[in-house]
Each structure stands twice: as structure tokens, then as C-alpha cells.
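Student: Chain by chain, the residues:
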Amino acid sequence: MVDVPLGPTGVIAAPDVEDVELYHPHSWLTKYVFSQDAKVIAIQYSFVALSVGLIALVLSWLMRLQLGFPGVFSFIDANAYYQFITMHGMMMVVYVLTALFLGGFGNYLIPLMVGARDMVFPYVNMLSFWIYLLAVLILVASFFVPGGPTGAGWTLYPPQAILSGTPGGQDWGIILMLVSLMTFIIGFTMGGLNYVVTVLQARARGMTLMRMPLTVWGIFTASFMALLAFPALFVGAVMMLFDRVLGTSFFMPVMVEMGQPLDRNGGSPLLFQHLFWFFGHPEVYIVALPAFGIVSDLISTHARRNIFGYRMMVWALLAIGALSFIVWAHHMYVSGMNPYFGFFFATTTLIIAVPTAIKVYNWILTLWRGDIHLTVPMLFALAFIVTFVNGGLTGLFLGNVVVDVPLSDTMFVVAHFHMVMGVAPILVIFGAIYHWYPKVTGRMLNDPLGKLHFWVTFLGAYAIFFPMHYLGLMGIPRRYHDIADMAFVPPSAHALNAFITIVALIVGATQLVFVFNLFWSLRHGKPAGGNPWRATTLEWQTPETPPPHGNWGKDLPVVYRWAYDYSVPGADQDFLAQSQPGPTRAGSGSIHG
Amino acid sequence: MTEQAFTEGTTGTHIEASGLRSLAADFSSDRQAFRSISWGKAMMWIFLLSDTFVFSCFLISYMTARMSTTVAWPNASEVFALTIGGTSLPLILIAIMTFVLISSSGTMAMAVNFAYRRDRRKTAVLMLVTALLGATFVGMQAFEWTKLIHEGVRPWSNPWGAAQFGSTFFMITGFHGTHVSFGVLFLLIVARKVWRGDYDQERRGFFTSRRGNYEAVEIMGLYWHFVDLVWVFIFAFFYLW
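Going down the list, the protein sequences come from chains X and A.
Note that the first sequence ends on residue 775 in the numbering used here; no numbers are left out.
Note that the second sequence ends on residue 1494 in the numbering used here; no numbers are left out.
Just so you know, these hints were derived from the structure itself, not from any lab.
Backbone N, C-alpha and C define an ideal beta-carbon position, used for all residues, glycine too.
Any given hint might turn out to be false.
Across the chosen pairs, the derived CB separations fall in these ranges [stated by the list, open to error]:
#1 A:M1393 to X:F579: 53 to 63 Å
#2 A:I1345 to X:S209: 54 to 64 Å
#3 X:G624 to A:R1374: 47 to 57 Å
#4 X:D754 to A:L1438: 57 to 67 Å
#5 A:T1461 to X:A504: 26 to 36 Å
#6 X:D591 to A:I1345: 50 to 60 Å
#7 X:G735 to A:L1273: 35 to 45 Å
#8 X:V438 to A:S1356: 44 to 54 Å
#9 A:M1393 to X:A504: 33 to 43 Å
Between the sequences and the hints, there should be enough to build the whole structure, so can you do that?
Tutor: So this is what it looks like as C-alpha cells:
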């Protein structure tokens, strides 16, 4: 690190920054529908993503009904079951989690937290949302075409994804899925460029990179990763589309289907898996890193304590981001690739545990001797840490080749990734919504409803996914429509499956409480004021709440300190906002390296 | 970037730095990580990085397909030969295409130069020449496609060997050709704006309602040089291998 000195007084002078020109909307349509304001775009993104999330939730109910009570619901035949699996997985991973963290939280928080008036290219930002909406509509349209949506599994592995035995394989399903993914990637690229450039080039006076809240660091790193990871999925989708539509053989080896030799040869199904997971593994961290960042800020704010090891938190984020590009083939241990690859990828996979452990220890050390307020956002943040550690530990099992081979394609895998990349990030999303809702609407979400939502969701998630590990160790395979006839499956497994299904229905239904709370509090919530959590970051210091177009009124904010000056001795309140002048405390993220 | 100095507020602290120190100074400064880079340029650079990954994935997939296919790969110098005046010249068309595209990078660089000097007419004319050369490239590519299709090359098969030859050829050159075509389109749009004096009068854009400036020419140039550079790789890996 190189020392870069601050001005002689250690205080930054008044802004000498030329202000940006904003495009002001002229009509209701350009203000609320085709808006170029990042905050409106964020709400649009979040609303669409949460709606898709509800669809995907219902799909998971339908799957659970089949698994818990096989044969009772005759409309869930094998085809429908695979279609539900596929759509549930793809929707949740790409259209909900990615869109919500980057498109939703990214759009709302980045400009506010770095002290910008808006994203750097508001027009492109607006296009990003509308293209995302188009991608969602294409995806949802596949429910209504002949043959229904694709049932290839969310990983869309060829050759089965485009063969006639798979639902949607020779119909419209797979085509719509691939086109929707390509559309999503184009839309995301437009947004992602905005997020990255805004963080790099449009910060407020005094906002150095090492003073940025970790939320911004997380979203920034994830956006950058997404810009490098989505191309692989894009290329894979193009090639599979050609295989399906033009009859090329990129992924199609010599095959016999239903006794008939197919007119294909020489393709490599493994190639698709490499392309898919070169996207797919970074994707896990594209979802996880924003969650890491947000949870750091939630913990620090609600424990009234500065984040422990800020610099290491930043470097750990970057290290995880970089490492996640060289671990992808740990999803492919049983795929038939060269076994020596397994050695390399197992090693890199386990190395990721190091920066990740740094983050977990730092969260716990932030809580140590903190003034912990068990608010709803804090409850969700704490739940995240526990859940993430749980999911991470089973990741160590699956990252090792010898342990992974017997566990592959069992319910253990389902339990692992739902813990680590399903439940954990969604807990953060809920926490973040409870935390920032007051800034977005000016009103608090209802507290008792929030606590109800939290406890049922948190305990319920464990009741659902803990038993699944056990099922997996028993050898119950995943992605099976019906396991009733398997001789080795004991009756207790069926009882457990029925239990999981009932809990899943209850947890799912509880999300309606949350949705109700969102709408009810809009009108009837307690007025929040500008800074209900007494937080230091810039978005809580806006002159108006909710912030208007342009965020800051006449003068742009100036930043004097890092984001974590909590419990400051001698301060008027117990915290110092980032925009509050005064001497910086030693070690509190001054420009000095 | 090496010329960049770190300035802190109006206090006058001004530290000349070079090399790694300058990089660190840039990254530890407030407001902008890259002091002399505008938003538009930064966005184009990062977009090109992302696009590099797209083309890399295409080319690596092509190499994988070529290595894993069970049938022999067609001989590029025979397939891409043109018979002119009775003699068969290997790779002649592709040589001309490459020459045209690289020349267009030259005219683009000159256009950027004149844009810096606010020379409206020369900039616009050079951009039009660039667009013309780009369109010529796409035209010759269309000719090449037509010739191959007449000879029986299809995405799913060809007369000489591995089916993946046609698949990857049409996919990769098609994807690159699309990039060039979009480049030509945007060159024409920017050239029109330059010619009309939009950047001198700070006229607002039709879609975005924002004022542009001459930097648009340079950003356009970044894209154009990138498309050109990608072609060099496609040329090397597809035609020369």
C-alpha cells in the first residue's frame, strides 16, 4: 500500500465539483413508468423480481406436494414435476436473486451510498429494466406454449435438454428459456456497466474506495463478476439454440434415441457443462457477495459497533470474487471429465474457505461486546450468519472429490445449496428490505408482523432443509419424481418427506404476511423520519425522505470518514455520519494507507 | 494514466507520481478511480472487457469442438481459396478482408485525431470512410458465406469433414459480422451528429435528451479498434490454424 496524504488539516475542503445535469421527467409516464431515476428503476426491478419469486415459490410448493404425498395430486405427472424443478431453479437463481441484489438493491443503494445524484447512464439503466422485464415475460410465456416450459433441470444439460424425451425439448420450452436467458444477459450488461462505472467514477467528494460501505463493495464486486461470467452462459445458450433450431452438433455426440440413430455426431456435452459452470459458479458468489456486504452493514449498524477488520473484509470480497472463477468444475466431479481436474478444482474450492472464514470471524468479532439491538433486520442478519456457516460446512463435504462422489445427485446437494445460496441470501434480502424500507417509503414496516415473519421463516427453513441432509446421506436421489417404489427407501424417509412438505407450505404461506406488511405499511406504517436506525452511511443523511430525483437537493454531500463510526465516545449521538466533518478517529478508514 | 497527479481538494496538495505509485494514488483517491477517464470511456472499456469474454468463450468452444470431433477437420487453405484467372489462390479473399478492416482502423484513428481538433468536416468524412470500409468488409463476408453455401457448407454439415466446421464458422464469423454491422450503424449516427455540428452546439440527443461531445468519436473508435482486434484472433485461429 502506498501512502497518499490528505490535505494538511486532514479535512477535505468544500466541494469544487461541477454538478451533473439531470434529465427531469416531464410527465407521469416518464416519472413513474419510463423513469430514468435509479430509485424508481430499483423499485421496478424489485417488484418484478419479488413477483417472479412468488411464482417460483408456488412451483416449489407443487414439487413438495409431489414429494411429500406421491400420487395424491394427479396433475403433477413426471413431466410437470421436471418443469416445476427447472423453472423454480432458473427463476430463483437468475431472475429473482441476481435481479433483486444487483438490479434492485444495486440501483437503489449505489448512487445514494456513494453520494451520486444518479447512475452514470440513466437512459441505459432504464433500458436495462425493460429488457429484464421482457426476459421475464418470455420466460413466463413458456408456461402457455404447446408442450409447456422446459423440464431439462435448471442446469439445462445437453443432450437431454433438446431431445424429445424431455418436456419442452422438442417444443417451445427450451427455445424460450434460452432466448429469455440471452435477453436477460443483454439487459443485465446494460445495468451492470452502470453499477460498476458509478462506483468507480461517480463518487462524492471525500468518498475513497476504502471508505465505501461494504454493501457497495459487495454489489460492485458482484456486478463486475457478472459482467465476466454471464458471457459464458450467453455463448452456451447461443450454441444450444443452434443445436436445437439449426441442427448443429456443438453439444450433441453420436446418439440413438428411441431406437433411432440421430443425425448428429462429434459434439461435446461436457463443453456445455464447462461453459455453464464457468457462469454458474461465479453466479453463486454474484448472489452471495452483495449479501455479505449488506449483512456487514446491518450487523455494524444494529450492534452499534464498527465493522471488525474493514480492510480485510474488502480484500476477502475481492479474493472470493477472483477465486470463484477457477473453481467451476467442482460441479462436474461425476461428469466424466479428466479425473485429474478434480484434484485442482477441489484444491481451489477449499482455498475459498479461507477468505470466507475471514468474513465470518469478522462478523462475529463485530458483534463481540456490541450493543446488539434485536431489530427485525438484525434478526435476519444473525440468522444469515448461522445459515451461511451451516451451508458452507456442507460445502466442504461436497468440494472434496471422494466425499462428493457418493453424495452427488442426492438430496444432500439440494440441502447444501438451498442453505448456502437459497435461504442465506434470501434472509439477507428480507433483512435488507426491513432495513431500507423506511428510506424508500418514509414509513417503518410493522414490527410484530416482521418478527412473526422472521421466526417462521428462519425456523421453518431449518425444519425443511436439515432433514434433507439426512435424506441425502440415506441415498435418496434428487430430481426423482417418485421414490415410492425404491426398495432401499425406508418408510421413515417418506414420513420425513411429508413433514418437510407441510413445513414448506407453512413457510411459504408466511411470506404472504410479509407481502401484506409491505403494502399495509405503505399507508399505515409508523413514520420513520430520515434516519430511524441512527446509521452513518450517506443514504440516511439525505435532506428528504424518501429522497427525490437527484437525491441530495442543492449541494452534493462531502464525505469525511468511513461508514462505521458507531459508539463514538463524546459524540452528540453515539455515531458520526460519513458526511459529518470533524477529525477522523485513528484507523477509521482515513485516506492514509 | 502515468501523468496523473493526485490532488486533494483545494488545499493544493499535489503529488506527482508514476508507475505503481500513480496507480495506487488513482485507486485511493476520492470521486474517481481513473482521474482522466470520463464516464463514457470507462463504460466502453468495461463493456469491451465483458465482450472479450464472449469472444473468448466462442473461440475456446471452437477449439474444443475442433479437438474433440471424431471426423477430420477441413483444410482451411483449400476451403477458403478463390480461383482468380485460372489459378487457385488460398486465403486471398480473407487477406483482402483483413486488409480492409485494418485500414478502417487507420481511418478511425485519424477521425479521432481530427475530432480532438474540433475539425467537424474531416472527422465526419473519415468516419464515413471507416463506415464504408466496414460495410465493404461485411459485404465481402456475405460473398464468402454465399460461396461456401453454394459449395454445400451448412451449419449442420459440409462436404469435406467435421460438421462442426460449418457450425463454428457461421456462428463466430456471424457474431463478429454482427458486431461490425452495428459498428457501421453507430459510425453513421455519430458521423451525422458530427457533420451537423451537434457536438459544437451541444444539441440534445433524440432518445436520451442529453448533450453529447466530441468524445463520442473516441468512444466509437475504442469499439471499432476492438472489433478489429477480435478479427485478428478469429483470422489466426480459424483461417491460419
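Student: For this structure, which hints from the list above don't hold up?
Tutor: Those not satisfied: there are none.
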